[in-house]
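Student: Residue numbers (numbering that gives the first Met the number 0), protein chains in the order written: chain R, 0 to 604; chain A, 0 to 604.
These are calculated hints, taken from the structure and not from any lab test.
Any given hint could turn out to be false.
Said to hold, decoys possible - With a straight-line cut-off of 27 angstroms between C-alpha atoms, the simulated DSS-like cross-links for lysine-lysine are:
(1) R:Lys578 / A:Lys475
(2) R:Lys578 / A:Lys465
(3) A:Lys148 / A:Lys243
(4) A:Lys527 / R:Lys527
(5) R:Lys522 / R:Lys475
(6) A:Lys598 / R:Lys475
(7) R:Lys598 / A:Lys522
(8) A:Lys578 / R:Lys266
(9) R:Lys475 / A:Lys527
(10) A:Lys522 / R:Lys475
2 protein chains.
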Amino acid sequence: MGYSEYDMWLQGGEGLPPEPCFAAGPSLPPEGFRLTQDAEGFRIESADEAGRMYGSYALQACLKLGKQPDGSVSAPAVPERILNHWDNLTGEVERGYSGKSLFFKDGELYYDPGRIKDYARLLSSAGINRVCLNNVNVTPLSARLITDKLPDLAELAAIFRPFHIKLIIAVDFGSPVLLGGLPTADPLDDRVIGWWAQAADRVYEAIPDLAGFLVKADSEFRDGPAAMGRTQADGANVLARAVKPHGGKIWWRCFVYNCEQDWRDTKTDRPKAAYDHFFPLDGSFDANVTLQIKHGPSDFQVREPNSPLLGAMKHTAQAMELQITQEYTGQQIDLYALAVQWEEILSAAVSGTRTMRSLIGEEIGAMAAVANTGNDANWTGHTLAQANLYAFGRLAWDPSLTAKEILSDWIGLTFGTEPALREPLLGMMLSSRGTYEKYTTPLGLCWMVNVHHHYGPSPEGYEFSKWGTYHRADHKAVGVDRTANGTGYIQQYHPFLQALYEDADRCPEELLLYFHRLSYDFKLKSGKTLLQHIYDTHFEGVEDVTDFMKTWESLKPLLPESAYAPVAVRLARQLENAKEWRDVINTYFFRKTGIPDSKGRHIYR
Amino acid sequence: MGYSEYDMWLQGGEGLPPEPCFAAGPSLPPEGFRLTQDAEGFRIESADEAGRMYGSYALQACLKLGKQPDGSVSAPAVPERILNHWDNLTGEVERGYSGKSLFFKDGELYYDPGRIKDYARLLSSAGINRVCLNNVNVTPLSARLITDKLPDLAELAAIFRPFHIKLIIAVDFGSPVLLGGLPTADPLDDRVIGWWAQAADRVYEAIPDLAGFLVKADSEFRDGPAAMGRTQADGANVLARAVKPHGGKIWWRCFVYNCEQDWRDTKTDRPKAAYDHFFPLDGSFDANVTLQIKHGPSDFQVREPNSPLLGAMKHTAQAMELQITQEYTGQQIDLYALAVQWEEILSAAVSGTRTMRSLIGEEIGAMAAVANTGNDANWTGHTLAQANLYAFGRLAWDPSLTAKEILSDWIGLTFGTEPALREPLLGMMLSSRGTYEKYTTPLGLCWMVNVHHHYGPSPEGYEFSKWGTYHRADHKAVGVDRTANGTGYIQQYHPFLQALYEDADRCPEELLLYFHRLSYDFKLKSGKTLLQHIYDTHFEGVEDVTDFMKTWESLKPLLPESAYAPVAVRLARQLENAKEWRDVINTYFFRKTGIPDSKGRHIYR
């Protein structure tokens with residue numbers, strides 16, 4: 000297969016270079032490659048066909064970005080770089096902001112094979128090599144992907160296969176009952192064990208290279224082993240043993256918590272749930288089970304600490320789960336370059352000597368993320384949100400990359416390397432995460448979003464709900480005390496982090512209100528009170544968006560109209576959203592406290 | 000037709016008396032009757048067949064309740080006593096808490112003719128004589144009740160007809176575009192005028208006694224004349240002229256307000272909307288247009304003042320709209336005898352000399368209410384909620400009845416007249432409205448409900464939304480100032496009421512926070528502060544529900560098990576709901592103010 004089969008990021012690739020020389024590199028790691036240039040031209044060495052493909056993409060990227068091959072070996076940090084679609088067979092995409100499903104419609108598999116091929120190329124060019132097409136919230140309809148809809152899925156798998164992408168199927172833990180007609184889905188029941196084994200045999204006959212199954216169990220009203228008095232390991236292992244003969248794996252999500260909490264119960268603390276449920280089970284999962292752990296203990300909020308479960312288990316395979324779709328981060332209306340947040344996540348300490356980044360490829364053997372793509376013409380709704388999909392793939396391959404490097408590459412590949420365009424756009428994207436945080440919920444405050452849809456502010460929308468999502472703001476203080484004197488959540492961390500987080504004066508300020516309950520007059524390092532900081536950031540956030548609009552407008556002559564206009568429309572919507580957030584949050588705290596802005600700016604009464 | 004055709008309320012009627020004598024009473028009013036008893040037996044005089052039917056029901060009720068016919072003439076206060084179903088053709092019932100639709104399923108008319116006959120008898124026995132089967136939020140599917148689904152609807156109409164119930168169809172104002180393929184629904188466009196005329200001809204050919212059309216226009220994203228630069232009168236009149244040749248009428252809802260308000264806009268005040276939109280148009284509606292006006296200016300809240308629009312127009316036909324389905328009043332989980340609230344509504348002054356009751360049959364020529372029925376075996380989910388359906392029919396016939404009279408009759412007809420059962424149950428039902436108000440939102444505070452579904456508390460769930468639903472509570476005060484110094488809403492009332500409402504010291508206390516913004520230390524007539532009153536009522540409300548449970552349990556030996564057990568289950572759920580409301584509202588205000596309960600009861604932090 001020549002490299003022309005491997006199209007460059009975003010259908011680019013005009014001015015293709017001369018055909019490179021492909022060479023065997025048996026000592027190179029799987030999927031890895033070495034790209035060199037000598038007098039005869041370009042050379043791509045690899046040990047396998049996948050490496051040849053990734054090398055080809057890399058060469059094209061080099062050429063388009065005007066870089067020289069540096070001769071070093073490039074190989075992925077983890078063997079599994081996974082995209083999770085939350086697509087329902089109805090065609091709706093849960094938390095999707097880019098149109099409808101690329102794969103499903105009205106209960107059937109329904110797609111444009113040409114577009115799926117483009118999509119597979121797009122994903123593989125970013126380094127993604129595993130894709131789950133159906134939602135982890137498996138409906139009775141999509142449960143049937145392992146029964147009568149299997150032949151259709153096998154056809155889709157065949158489109159992804161040339162791009163070295165293996166499919167994963169999200170399955171319903173209750174399938175033995177739902178599909179098999181058994182009276183129970185108890186994982187220790189022989190009939191259930193047999194049913195899963197047969198199901199796996201059938202699935203692997205149709206899709207022999209299927210990567211495995213993804214499961215959301217005992218989570219938000221989904222079936223799971225706990226309901227049957229079994230452990231999470233019992234549940235995962237029955238599936239693992241079914242797929243093992245076929246080389247398959249199980250991805251078992253750790254998003255298990257009490258979603259029917261009583262707000263009056265101040266002992267239960269949702270962030271503690273994943274660790275409490277899974278850490279004691281370390282070592283009891285089969286080798287082909289990977290626990291898929293969200294990066295933070297809440298749910299893809301704008302600012303959370305890293306999950307203490309990540310890396311804590313030494314005898315259990317783990318995947319970090321990120322969210323590319325912008326459920327809580329602007330829903331592809333607001334600009335939000337997730338690479339910046341992910342770099343922060345990876346750079347954060349997990350102990351006195353290690354960062355989260357150092358766990359990738361070690362304790363954390365796989366990277367997964369929820370897709371932000373749909374059937375919109377530009378894949379991601381907001382054109383600049385393509386950078387988030389790209390960034391996930393790049394980081395999963397090489398977690399040492401900075402957001403600046405990744406976004407700079409993405410802009411270069413997408414819009415060209417002209418500095419007059421690239422530098423301002425890069426600046427805007429790099430600051431976008433901080434800007435969104437400013438005008439929404441700074442200092443680690445979570446859940447001040449509108450219920451259900453999660454766009455826009457509702458400071459107490461989740462305050463008395465059953466979801467375990469409380470900030471308990473009163474007229475004097477705000478936040479949940481998660482120290483040893485409070486819920487004790489901090490004690491789940493490495494002692495190094497415990498010491499850091501327990502002390503409000505040492506705690507990273509951006510996480511202050513995640514860990515502490517503080518009065519509004521708490522003094523930050525800037526000398527400002529906590530309340531004044533809230534006011535200031537909200538005013539600043541709106542100013543930032545105004546600046547984004549000006550920057551974007553200034554770039555108009557350098558941008559294709561097809562990119563310029565839709566983004567300009569979204570920036571205008573973002574400005575309205577930022578103003579709404581500014582005013583609601585400032586008014587909310589002003590009403591609570593009666594303390595005016597020290598700079599006399601307008602806060603609604 | 001003998002009276003045995005007219006079954007008694009709730010399928011009762013064992014021990015039927017000897018066949019009465021029916022006599023012509025040409026001087027009696029339409030639908031009216033006179034019931035007498037002499038040596039030969041019972042006599043029912045009436046001027047028409049409907050009167051004969053209503054008289055038969057009355058006789059059965061008399062006998063079952065152990066009353067003597069008093070020989071007086073009974074005739075309805077208004078000729079149209081209307082039930083509005085909010086049933087969608089999918090089978091879902093908007094704000095329905097009693098199962099699915101009795102009439103529709105999966106996009107089609109789908110019903111049990113026997114059950115519909117029972118239902119028609121049930122309604123007519125309460126005095127209801129007009130029924131709209133489909134939701135005022137007309138979907139594209141239900142819009143087709145006036146096109147291809149018309150023959151099916153005509154069959155349903157035939158089941159209601161013997162019970163002197165005429166159907167109404169809710170139509171989409173955009174039908175000329177949606178169904179007719181016209182480029183506009185502009186009511187002054189000749190093609191639109193022609194389209195509606197033809198539609199009416201077609202509909203009346205199929206259902207010659209159709210009462211008319213019901214329309215929700217320019218309301219909550221529905222099509223309407225305003226979008227085309229036309230008045231509400233223009234919109235209503237085009238329909239009125241189409242049905243006029245057939246003797247039809249139009250019911251035009253006045254629920255028109257800005258549902259995309261910005262909470263920062265303190266000038267716009269949703270309660271003012273109906274009056275502002277419709278009062279200036281008084282006299283410009285055709286004679287066969289009835290404006291259907293919700294009893295209060297908000298939306299069927301637990302406590303609202305009466306709408307100032309009701310009775311204000313002297314040259315426009317008006318209907319009062321009530322809501323039997325308990326959207327904001329407990330959703331047929333919590334016990335809530337609406338008759339009590341309706342008696343209050345009717346007893347309230349509209350001027351220095353008249354009550355709302357005196358308008359019924361005068362300015363207000365029709366009574367309408369949103370149905371609480373569905374395909375649950377007991378019709379209304381909560382068995383005791385049957386009393387609300389019954390009460391609406393009774394009050395529409397005779398607004399001078401008290402809640403006590405109506406509920407006493409309902410209990411007698413349903414469970415028998417044994418005082419040991421009747422008195423305690425009557426007491427419980429009579430106090431249920433006050434109890435619900437206590438544990439939810441006293442003093443006229445509205446909208447502290449969970450968004451979308453409207454069950455349970457969310458004190459700020461609607462505080463920053465676009466629905467015009469704000470209480471603007473801060474750490475010192477709560478409520479919207481609707482006096483002349485505020486939004487001026489009170490100025491829409493008769494001067495007598497203006498004077499009453501403007502002055503917080505004279506304003507009926509139960510409406511204080513509907514009209515005034517008051518500080519938490521405002522002194523009520525009881526000597527308590529406003530805040531302490533809030534705390535007290537919330538604690539009392541829960542105690543009341545506990546008492547209801549005790550009362551109900553004490554009645555167990557006197558009740559059929561089929562009635563006892565399901566109500567007991569609902570009372571237990573009500574208790575949980577009451578506790579949730581108590582704790583959320585008390586905590587909400589405690590957090591805002593830091594002021595503890597003077598009696599030291601537990602308020603969560």
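Student: All hints are to be evaluated individually against the structure, with a verdict given for each.
Tutor: Here's how the hints hold up against the structure:
no.	hint	verdict
1	R:Lys578 / A:Lys475	26 angstroms, holds
2	R:Lys578 / A:Lys465	15 angstroms, holds
3	A:Lys148 / A:Lys243	22 angstroms, holds
4	A:Lys527 / R:Lys527	40 angstroms, violated
5	R:Lys522 / R:Lys475	14 angstroms, holds
6	A:Lys598 / R:Lys475	23 angstroms, holds
7	R:Lys598 / A:Lys522	36 angstroms, violated
8	A:Lys578 / R:Lys266	19 angstroms, holds
9	R:Lys475 / A:Lys527	25 angstroms, holds
10	A:Lys522 / R:Lys475	25 angstroms, holds
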